[in-house]
Each structure stands twice: as structure tokens, then as C-alpha cells.
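J.: Residue strings, one per chain:
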Amino acid sequence: MNENEHMSATARRDRVLRILLPILTILVGGVIWHLVVRINDIPPYVLPGPGLVARTLIADWATLWDSLLVTLVTTFQGLLLALIGGVGLAILFNLSRLVEYAFYPYAVILQVTPIVAIAPLLLIYLPQHLAVLACAWIVAFFPVLANTTLGLNSIDHNLRDLFRLCGATRWQVLFRLKLPAALPYMLEGLKIAGGLSLIGAVVAEIAAGSAGAGSGLAYRIAESGYRLNIPRMFAALLLLSIAGIVIFFALSALSHLALRRWHESAIERES
Amino acid sequence: MSGAAIVRLSGVGKTFANGTAAIERLDLDVREGEFLTLLGPSGCGKSTALRMIAALSEPTRGTVSWSDANGRGLAPGTIGFVFQEPTLKPWATVAGNVALPLKLKGGDAGQIAARVSDALARVGLSDFAGSYPRELSGGMKMRVSIARALVTDPKILLMDEPFAALDEITRFKLNNDLMAVSSALRMTVVFVTHSVFESAFLSNRIVVMTSRPGRVFAELTIDAPYPRAEAFRTSPEYAAFCRRASDALSQAMESRPMEAKAVEARP
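From first to last, the protein sequence lines stand for chains A and B. Take 1 as the starting number for the first sequence in the numbering used here and just add one per residue. Take 1001 as the starting number for the second sequence in the numbering used here and just add one per residue.
No wet-lab data here; the hints were simulated from the structure. Glycine residues also receive a C-beta, built at the ideal position from the N, C-alpha and C atoms. Heads up, some of the hints might be wrong.
Unchecked claim - Here are the simulated EDC-like pairs of lysine to aspartate or glutamate, each with C-alpha atoms no more than 16 Å apart in a straight line:
id, chain 1, residue 1, chain 2, residue 2
1, B, Lys1173, B, Glu1230
2, B, Lys1155, B, Glu1034
3, B, Lys1089, A, Glu100
4, B, Lys1103, B, Asp1153
5, B, Lys1089, B, Glu1135
6, B, Lys1089, A, Asp156
7, B, Lys1089, A, Glu264
8, B, Lys1105, B, Asp1153
9, B, Lys1155, B, Asp1068
As the list claims (entries may be wrong) - Sample of chain A residues facing chain B (criterion: CB under 10 Å; computed from the structure):
id, residue
10, Ala62
11, Leu64
12, Asp161
13, Leu162
14, Gly167
15, Arg170
16, Arg176
17, Leu177
18, Arg261
Unchecked claim - Each pair of labels, with its calculated beta carbon distance range:
id, chain 1, residue 1, chain 2, residue 2, range
19, B, Ala1114, A, Ala253, 32 to 40 Å
20, A, Ile242, B, Gly1124, 53 to 61 Å
21, B, Ala1114, A, Arg261, 21 to 29 Å
22, B, Asp1027, A, Gln111, 54 to 62 Å
23, B, Ile1169, A, Val28, 36 to 44 Å
24, A, Val99, B, Gly1124, 46 to 54 Å
Turn these sequences into a full structure, and let the hints guide you.
T.: Printed below as a string of C-alpha cells:
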């Protein structure tokens, strides 16, 4: 079939472009960065070129890698706790309106208060590791809570009626209807929470770093700043960005795997 | 063909919280083994009546009583309900959807699987047990919904405009298949529709309702023998039944609610 071949060729070209174009724009950005530094003769302690950043990344790899692991462990612990706390609280809110009325304001307060302002306080009250973890959790849990709450409330009313007709118990409604229906919302919340958890960990590490302790990647950035080791600052920043991107793609992939058979968002349409 | 009343609505009224009177003084018997259609314009409360039979909605006046009620309401699985939309769980396969009422009740997995495949065979979807709802056409989704309603072997099947959203070809096909299934199983069916043709093809008895508030306006008996096949659809007697139902419906739509009880037509 000629038309089919034509269609698949177009689809293939589209897929290649989708991967190739971002790589190309990033390369062009790097080249411009390099040229700006070279032509204006900018000293490395103001703005290091991409080559120097790459060399620093390789030279300081051992230190940076260890720091990255510390930050990532905190991020994932924060994310895991956010998932448990967010989904658990959403279920509790869904089961009891009174609990929701009583505790939703606390969730909102935690969400709207800037984490930079809370981090120094937490560092006073908690051991450092726990304080950093608490910050990651605080910023990550709200999107999970809000999205799961929305999902649990968005069930098909007729399906709810059908469960009633079948004499379903409250737990059957929760596990067989509400939670599966809320899954796409929950995963979307988790996708947002992944990035936020990293931000929360970084903010807390910076706050802790200025208090004189810590070994995460954000602490490396702060430390390099004090030492005017700008290339290393950039190298650490680059690693943080890459970590954030990897977390986002990993969670997107998880979401796609869980939903690909049935949810509209995960289905590719042929037009 | 139709026996004693299995469910009786007497003096039933339903006023919603916003003050809308959906139904007023509705008296209706559903007899064992009959195919009863509630025919009426939209807003005549026919869906509300169906939901009250299913106990999904409480009447504000009057009673809905079951012949074999033990005072504690109906056992789950007594009623099969087919909604206007297919109302399937998108995350479950066709078999998973059909198995839902049995799984909620609990029971032996092998037995459940056997009953699910029976129900799927009945609606002609045996080959699609492993498909997901989004992979099916509108008509096939509705068949899944019907299979799910049949799987508990219900005493009564309630259908709320199940084919309203389907195209005419699919609707006729599903009408034929529903006719075959309900005659084979000798089921009691209450069917809600606003289609005259559908009601005349399927039912023993058509109850025509007026709107705002909903009330019984006329009752027609369609005494053509079952099972009715495609040939019945083109017969002169079918055309005559359709005309009578259509006349009753247009009178119902013209009549003021207050005059409704004065016209007790029985052709």
C-alpha cells in the first residue's frame, strides 16, 4: 500500500525530528555560549566556556558524583514520602468530608509558604538530613494530594450507581473504582512532584550549606561559589539539570507504561 | 405471556431538591416475563421512574414494592441495569468489565470466568474478551454493557435509553439481538426510550408518559408473537402499531398535565 508507506515514512521522519531538533538547538546554544566567551574574552571566574565546564565535570567527577547521589537519595525519599502522604491523605479526605474540612487548610498553608523561608527553621528543629528530607517532602506532596483528590472525585456517576446496585462495600468502591479512576491524575501529580522534590532538596541543602554542613550537590554549588570556583559551580548545576530531566522522563515513562492500554492521554492517534 | 406483578409503583411522586416535579402520582405494574417500554418525550421522568425501580433514587411520595421483598431491599444482582452510556471501566478488559458484578459479590474464580464467557457469547463478543473498551465501537461497548447486566442472571433487566446514542443501523441490529436474548431467557425487561419504532418492535406493552410532571398517559398492548424477526419490522401490522404509538405520543405531548388523567386510551 503506497499510502501506508507514505504515512509511516512521515511518522518516522516526525519521530527522528523530535529527537534530533532538541539536540541540535542545545548544540547551537553551546556553540553560541562558546563564541560569546571566546570573542569577548570573558574570564572563567565570570563565565566559563562550555569546554571548561565539561573538563571540570570530568576532573571533579568523583566529588560531584558522590554529592549527586546524596541529593538524589534525598529527592527519591522525599518523592516516595510525598506519594505515600499525598495519596494517603487524599484517600482520607475522600472517605471523610470532616477530615477534609479540618486538614485541607494545613495542606494549603504548607504549599503556599515559600520553602526557602521554612528551610532555616526546619534546620533548627531537625537533624540536618531530616530537615532536607522534610523540605523535599513538603514541596512534593501537595501536587500528589491535589491531583489524587481531583481524581478520586472524578469518577463516572453511572459506574458509582452500578457499584451500588451490585451491593459493593465502601472498600470495594475505593479499590475497584476510585483508585483506578484516579491513577492518571495521581501519576500526573507525581510527574510534577518529581521536579519539585529535587528543588526542595536543593533549597534545603543550600540553606544547610550556609549553616556550615552538608555534602549534597547544592552544597557543592554554594561551596564553589564561596571559593570563586565558577567552572565547578556550572558543572554541578549541569548535573542538577540533567538529574531533573532524567527524573521527569523516568516518571513520564512510568505513567505511559501504566496507562498505555486504556487512557486517552497515552494513546497515539492515527489521523 | 406476562404473569403477576413483580414490582408495583403506587402513587409514586418525585420532586427534586430544586423544586422540579419530575413525576406525579405514577401507578405502574411490571409483570413477570413482560417486555415493558416507557415511551415519552424527554423530561417526562421515565429515566427517573427506572432509577426508582432500581432503588438508585428514592420516591418523595408513594411506594415501590416488590412481590418477593423481604423488607430489607433487594439482593444484589436481582436487577440488571443498562445505562444510556456504556459505562465501562476504561482500565479493565471486556471480560473484566463483565465480571464486575460477580467479583463484587465474591465467589469462585473459575465459575465467574465461565459465566462471563457465557454472557459474552450471548451478545456475540466472545472474541473480544481481552480487548479494552476504547478499542471497541459504540455498538460493541453497549453489548458489553448488556452482557454485564445479564451476567448475574437478574430477575429484571432495566434499560435506560441504551441505544439512543447509536446510529440507526447499529440500533436495529442491537434491537434484533436484544429481542433474541430476552425471548431466549424469558426475561422481564423495563425499557426506556423516546423512539416509537424501537418501542413497537420490542415490547408487549408500551406505557406512554406525559412530561412535567411525568405521569402515565396511555397504555398500548403489542400482541404480535415473539420472537419477532427482521420481517416484522417491514410488516403492515408493525406499521399500524407504530402509528398508534406515535399518535398516543403526540397526544401526550400536546396534553396539559391537568387533563392527563381524563384521557385513558386503550387501543
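J.: Would you mind marking each hint as holding or not holding in the structure?
T.: Hint check results:
Restraint check for Lys1173 of chain B and Glu1230 of chain B: the C-alpha separation of about 9 Å stays at or below 16 Å, so the hint holds. About 12 Å separates the Cα atoms of Lys1155 of chain B and Glu1034 of chain B, which keeps this hinted pair within 16 Å; it holds. For the given pair, Lys1089 of chain B sits about 27 Å from Glu100 of chain A by alpha-carbon distance, which is inconsistent with the 16 Å threshold. Among the hinted pairs, Lys1103 of chain B with Asp1153 of chain B is consistent with the structure: their alpha-carbon atoms are about 14 Å apart, no more than 16 Å.
Between the alpha carbons of Lys1089 of chain B and Glu1135 of chain B the distance comes to roughly 13 Å, so the proposed pair stays at or under 16 Å and holds. At roughly 9 Å between alpha-carbon atoms, Lys1089 of chain B and Asp156 of chain A fall within 16 Å of each other, so this suggested pair holds. The hinted pair formed by Lys1089 of chain B and Glu264 of chain A meets the criterion: a straight-line CA distance of about 13 Å does not exceed 16 Å. Among the hinted pairs, Lys1105 of chain B with Asp1153 of chain B is consistent with the structure: their alpha-carbon atoms are about 13 Å apart, no more than 16 Å.
Note on Lys1155 of chain B and Asp1068 of chain B: the hinted pairing holds, with a Cα-Cα distance of about 11 Å set against a maximum of 16 Å. Checking Ala62 of chain A against chain B: minimum C-beta separation of about 46 Å lies over 10 Å; hint violated. Interface hint at Leu64 of chain A: violated, since its Cβ lies 42 Å from the closest Cβ of chain B, which is beyond the 10 Å cut-off. Interface restraint check: Asp161 of chain A against chain B, minimum CB-CB distance 5 Å, threshold 10 Å, status holds.
Using the Cβ-Cβ criterion of 10 Å, the hint placing Leu162 of chain A at the interface with chain B is satisfied: the shortest such distance is roughly 6 Å. With a least beta-carbon distance of about 3 Å to chain B, the hint placing Gly167 of chain A at the interface is held under the 10 Å criterion. The restraint placing Arg170 of chain A at the interface with chain B is violated, with a minimum CB-CB distance near 12 Å, outside the 10 Å limit. Interface hint status for Arg176 of chain A: upheld, as the beta-carbon distance to the closest one in chain B is roughly 7 Å, under 10 Å.
A hinted interface residue such as Leu177 of chain A counts as satisfied when its beta carbon comes closer than 10 Å to some beta carbon of chain B; here the least separation is about 8 Å, so the hint holds. Contact between Arg261 of chain A and chain B, as hinted, is supported at the beta carbon level, the nearest pair being about 6 Å apart and thus within 10 Å. Taken as a hint, the range 32 to 40 Å holds for the pair Ala1114 of chain B and Ala253 of chain A, whose Cβ atoms sit roughly 38 Å apart. At roughly 54 Å, the beta carbons of Ile242 of chain A and Gly1124 of chain B sit within the given window of 53 to 61 Å.
A C-beta distance of roughly 25 Å is found between Ala1114 of chain B and Arg261 of chain A, which places it inside the suggested range of 21 to 29 Å. At about 56 Å, the beta-carbon gap between Asp1027 of chain B and Gln111 of chain A stays in the expected band of 54 to 62 Å. The beta-carbon spacing between Ile1169 of chain B and Val28 of chain A, approximately 56 Å, falls outside the hinted interval of 36 to 44 Å. Range check, Val99 of chain A to Gly1124 of chain B: about 48 Å between beta-carbon atoms, so the 46 to 54 Å window is met.
Checked against the numbered hints above, the structure violates hints 3, 10, 11, 15 and 23; every other hint is satisfied.
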